[in-house]
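If you count by the UniProt record's numbering, then the sequence shown holds residues 1 to 520, one letter each, in order.
No false leads were slipped in.
Here are the computed lysine-lysine pairs in the DSS-like style, where the Cα-Cα straight-line distance is at most 27 Å: (1) Lys-355 <-> Lys-491; (2) Lys-491 <-> Lys-512; (3) Lys-507 <-> Lys-355; (4) Lys-491 <-> Lys-474; (5) Lys-154 <-> Lys-355; (6) Lys-307 <-> Lys-355; (7) Lys-491 <-> Lys-507; (8) Lys-512 <-> Lys-355; (9) Lys-474 <-> Lys-507; (10) Lys-474 <-> Lys-512; (11) Lys-355 <-> Lys-474.
What follows is a list of derived Cβ distance ranges for each label pair: (12) Asn-215 <-> Lys-307: 25 to 31 Å; (13) Ser-99 <-> Met-1: 15 to 21 Å; (14) Asn-224 <-> Asp-139: 25 to 31 Å.
Note that these hints are calculated values from the structure, not bench results.
Where is the CB? At the ideal position from N, CA and C, for every residue including glycine.
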Amino acid sequence: MSEQIVIVGFGPVAARLIDELLPAVRDGHVSLTVVGEETEAAYNRVLVADLGVGRTTADALALSDAAALVADGVDVRLGVRVRRVDRARQQVLLTDGTSAHYERLVFATGSRPVIPNLTGINPDPASPVLPAGVTALRDLRDASVLRAAVDGGKRVVVLGGGVLGLETALAAAEEGATVTVVHNGPHPLGRNIDRGGGAVLAASLRRCGVRMAGNARSTGVEHNAPDGGFSALLLNDGSAIDGDLLVISCGVRPRTELAEGCGLSTGTGILVDHRLRAHHEPHIFAIGDCAEVRCPDPACGECRTAKGPSGLVGPGWRQAEWLAEYLTLLATGTQEEADALEELPQEQAGVIVLKARGMNMAVAGDNGAEPWDEDVLTAGAVNGRPRLQIAQWADPEHGRYVKMTTRGGVLEGLVAVGMPRTAAELVGLFERGAELPADRSLLLRLDGPDQLAASGPADPAGTVCRCAGVSGAKIQGAVAEGCSTVAEVSKATRAGTGCGGCHEDIKGLIEKHFQAAPAA
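Start from the sequences, fold in the hints, and give me the full structure.
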């Protein structure tokens with residue numbers, strides 16, 4: 001008898017879970033149903049902005065083939081939503097009047113854009129009906145709206161100074177649109193980057209052709225375009241930012257309404273334990289943006305310091321891979337055998353990377369302390385614990401800035417703007433928890449003139465694709481076996497299938513391999 005598993009949601013994380021469960025489906029151990037509210041199968045949402053500026057195609061974004069899944073025995077239901085979950089009968093009831101029975105239910109509902117409460121925009125978070133000329137750039141239809149604006153050389157206003165908003169702004173500006181970024185702090189990425197790095201980042205964005213409007217609080221939108229669409233973003237000082245398209249990029253919020261409706265515990269996301277099981281419900285799991293790993297044990301030190309969903313695709317993919325193994329063990333063995341599987345390790349602090357033509361930035365960890373903040377630097381220095389130390393270098397005229405926050409020589413935070421090789425080395429050290437050289441200036445020399453001819457990442461043996469967790473060594477192996485393009489490497493290793501920020505590094509490894517190869 002096969003185990004009946006239902007997956008609610010069909011985004012990138014659900015796609016990875018399905019891929020990992022397919023062997024058990026083909027062997028008859030698992031009967032799998034996936035429910036997606038969009039008419040398309042899973043695609044890479046992170047690259048929707050690239051689609052919107054014409055740098056990629058919808059086919060290239062595809063992560064799943066519905067017809068192929070059906071041929072493998074998966075029950076794929078597209079263009080339909082789950083109306084409610086009946087936990088007593090272990091059924092999901094769908095909006096088309098059908099239902100699906102489950103023995104294990106997985107929520108992979110992801111997140112939805114935060115729509116600010118502005119005059120002229122429906123603020124209902126459950127069903128945001130955005131007026132003409134306003135988009136949250138979340139799906140393929142949103143991408144087509146941006147594409148029309150960019151192709152027409154229109155004025156694009158991006159509301160929000162987070163990494164996705166900045167990537168959209170940079171891409172649109174590079175492709176010919178007039179772009180203004182509006183954010184409410186002194187510099188973009190206000191929650192992630194320190195003041196010095198933020199100032200250099202803002203200046204770099206302006207050099208890339210993006211207009212910056214900081215310390216701006218939005219209050220409403222005007223709809224005076226000839227077609228009744230968006231014409232201006234109104235600010236609280238009485239001024240207005242004119243435009244033809246408003247792209248809202250104000251963060252995301254986990255989609256928990258279905259879980260709440262069936263009585264599951266929620267916080268920021270659906271509360272799950274270290275085995276991704278919903279609290280007090282062993283038949284239901286949650287992964288990805290909608291899941292908040294926080295076990296019911298109040299004494300758990302790991303959960304005491306845990307944060308909510310990261311909003312990054314990499315952690316969701318790792319959850320999907322672990323859960324697929326766990327569910328397969330449940331379907332083919334016993335509960336005891338499944339529970340013997342080692343728990344998923346806690347995710348480390350994420351690294352934020354921003355790459356564009358002529359610009360590179362990496363940020364990670366806690367980097368808010370300044371070199372002269374004695375109270376902050378010594379605050380945690382108790383019971384023999386070393387104090388924080390700050391090494392900082394700035395060249396704002398040339399768009400360069402590096403900050404290293406260490407404790408006992410080990411990185412706790414970093415900022416690197418305009419220093420790509422230094423950034424790559426620092427990120428590798430941060431992820432490994434390795435000690436920095438005593439002379440921090442050695443790291444700055446990686447971006448010196450004598451290093452510019454090098455290609456590929458600074459440490460090819462380290463992680464190149466952080467989304468999929470693929471090392472440079474694995475990519476080099478794929479290239480040695482015949483992969484000669486980024487697409488071929490992605491198919492063989494999954495590297496580059498997330499945010500796309502590692503594509504240049506993959507390309508560098510490919511070029512390095514073929515440059516070293518002897519001529520035929």
